[in-house]
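One letter stands for each residue in the lines below.
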Amino acid sequence: MGLLAPTVLILLGLVLYPFFYAIWLAFSDKAVGSAGRYVGFRNFAYVIAWPQFSAAVFNTVIFTFSAVALKFVLGMSVALVLNQRIRGRNFFRAFLLLPWVMPAFVVYLVWRWLYDPLSGLINYALIDLGLVASPIAFLSDRSTAMPSVVVAHVWRNFPFYAISFLAGMQTISQELYDSAQVDGASRAQQFRYITLPGLYQIIGVVLLLTTIQTANAFEPVYLLTGGGPSDATMVYTMLVYVMGMVNLRLGEAAAVSTLFLPLLVGLVLAVTVLLHRKANV
Amino acid sequence: MREPLSIRATTYTLLALFVLMVAIPLFWMVTTALKSNKDLYEDFSYLPRRPTFEHFVRVIQREDLLTNIRNSFVVASTTTVVTVFVSAFAAFSIVRYRYRGREWVGRLILFKYLLPTAMLFVPLYAIVVALGLGNTLTSLILTYLSFMVPFCTWMLMGYFRSIPPELEEHAMVDGCTKIGALFRILLPLSAPGIVASAIFSFTLSWNEFLLALVFTSDHTTMTVPIKLSMMVVGDQYIWGQLMAGAVLASVPITILYFLGQRFVVQGLAAGAVKG
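Just so you know, the sequences run in chain order A and B.
Its first residue numbered 0, the first sequence is counted upward by one per residue in our numbering.
Its first residue numbered 12, the second sequence is counted upward by one per residue in our numbering.
Treat each hint with caution, since some may be false.
[Claimed, not checked] Stretch-level coverage of chain B by chain A, calculated; a stretch enters the list once three of its residues show a Cβ under 8 Å from a Cβ in chain A:
| no. | segment |
| --- | --- |
| 1 | 127–139 |
| 2 | 155–168 |
[Stated by the list, open to error] The following residues of chain B were derived to be distant from chain A, with all beta-carbon distances above 10 Å:
| no. | residue |
| --- | --- |
| 3 | Pro199 |
| 4 | Val225 |
| 5 | Asp229 |
| 6 | Ala260 |
[Stated by the list, open to error] Quick list of the computed label-pair ranges, beta carbon to beta carbon:
| no. | chain 1 | residue 1 | chain 2 | residue 2 | range |
| --- | --- | --- | --- | --- | --- |
| 7 | A | Pro228 | B | Val30 | 41 to 47 Å |
| 8 | A | Leu15 | B | Glu65 | 46 to 52 Å |
| 9 | B | Leu28 | A | Phe64 | 22 to 28 Å |
These are calculated hints, taken from the structure and not from any lab test.
Just so it is clear, CB atoms sit at the ideal spot from N, CA and C, and this is done for glycine as well.
Next up, chain A with everything else stripped away, as it sits in the complex (with noise of 0.2 Å):
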């Protein structure tokens, strides 16, 4: 069909062949204006080798599993309480969606002047409460580094969470709560045994995409921290980027980020199979 024929050609030039390309820059000793020559598994070699490797495996887990949970945790909340009666409703739900509309660059450059040492809100306001005596340095010092960073990417990301509850919660039958009541069911037995279950499907697409989507974040860590303090938040996006784009070195950069792969197409034919369930693609 010739209306098909522009996605097509995008889905194999930018798509397709992109991707098959990473793998055989991955064999190769292609840099920035060089043709590459196949090289075996060496980059392979030299990247598992090296220990900026192995901390952005551990990071990238850290963060995407911290992250998760902490998202699912607040945006859960959010939606219970946007979900009972309450007074304006409809202008509360879209003000706490605010950080999601918001471009998540700027959510990280104001993250970071909070954050700020010597002139941030937050350590102004800690000092002012008598809480710390001296500006904590949150962003350069290894042991709050990463807690930083993930803080403001659950800042910014809970938002959908708690609207894709929100949404799911919305279509359980009131019935269900009252009859609930009746039988004497307490408000956490009701959230139990009535909305979790509701919700089972939503949670399972969700929990599935954004942990695609976290895994795979560079914003924050790029705009916060780049990466240090020594390599405390080197996640496997940051390295691909300081290895393919400040090092040039490509076919190392693409050699990590198909280390990955294995990890992430997992992961994508989950969310195939389990949005495939649901109607047929």
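With chain A's structure known, arrange chain B on it following the hints.
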């Protein structure tokens, strides 16, 4: 049925906490942009004492941010227009025609939708350089299409599928061509989906960071996100201007979103739920 007092108290306490949590960083962004450098760095205050627009003036005049805003606008609007047309055609073709490979295209679209840009930017960079498109806005438009088109096609497929084909068949009995039926029946009926696709494409292109960072390298071709992120490293006392820039970058997107909120929520539902 009235809620027990304890439940209502908990609800409103939590709500207040969530509102504060969201409001404080936003408040800080806006007030920083309006404070004088003295209020920011020498004589700290939580509220702007002498509100001033000097940072807005400076970020536009000295940093020439208008050039970058124009770049962002050109990239986002071109990507949006092309995406809406290409995606509508593709979705129409996949949903309404039967041919071999149709499902395969549908799956590839879903795969791309889920495949992260972080995996592709190195090869895309090599391709862009090989095509001689390094450091151009065209390279951004072209590569943005590669994730907007699959996404919007997928979303529109959900929409088109929800419209009974009988409507087009009736139109064709009355002498309309198949393409005519697309333009006269299907597109008007799925206007919310079209608006949602347009808002998505515009917003995602406006906000896109990684590819813009990799592909553009001088101030005349940078989009707003890259320009602002480059300013961070330049100067210690840049925050007033940076937050002014951040406000300027957020306003169009926020307005667009709230104007089209109804459509976006419907679009997400059509794409994600009807999948």
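Outcome of range test on Cβ distance (A:Leu15, B:Glu65; 46 to 52 Å): holds, 51 Å
Does the claim that B:Asp229 lies off the interface hold, with its Cβ farther than 10 Å from every Cβ of chain A? holds, 15 Å
Least C-beta distance between B:Val225 and chain A, which was stated to exceed 10 Å: Violated, because the least Cβ-Cβ distance between B:Val225 and chain A comes to about 6 Å, which does not exceed 10 Å.
Against chain A, does the segment 127–139 of chain B show at least 3 residues with beta-carbon separation below 8 Å? holds (count 12)
Verify the CB-CB distance for B:Leu28 and A:Phe64 against the hinted window 22 to 28 Å. holds, 24 Å
Determine whether the Cβ-Cβ distance between A:Pro228 and B:Val30 falls within the hinted range of 41 to 47 Å. violated, 34 Å
Least C-beta distance between B:Ala260 and chain A, which was stated to exceed 10 Å: violated, 6 Å
Minimum Cβ distance from B:Pro199 to chain A greater than 10 Å, as the annotation requires: holds, 18 Å
Counting residues of the segment 155–168 of chain B whose CB is closer than 8 Å to a CB in chain A, do you get three or more? holds (count 6)
Hint compliance for this structure: hints 4, 6 and 7 are not met, and every other hint is.
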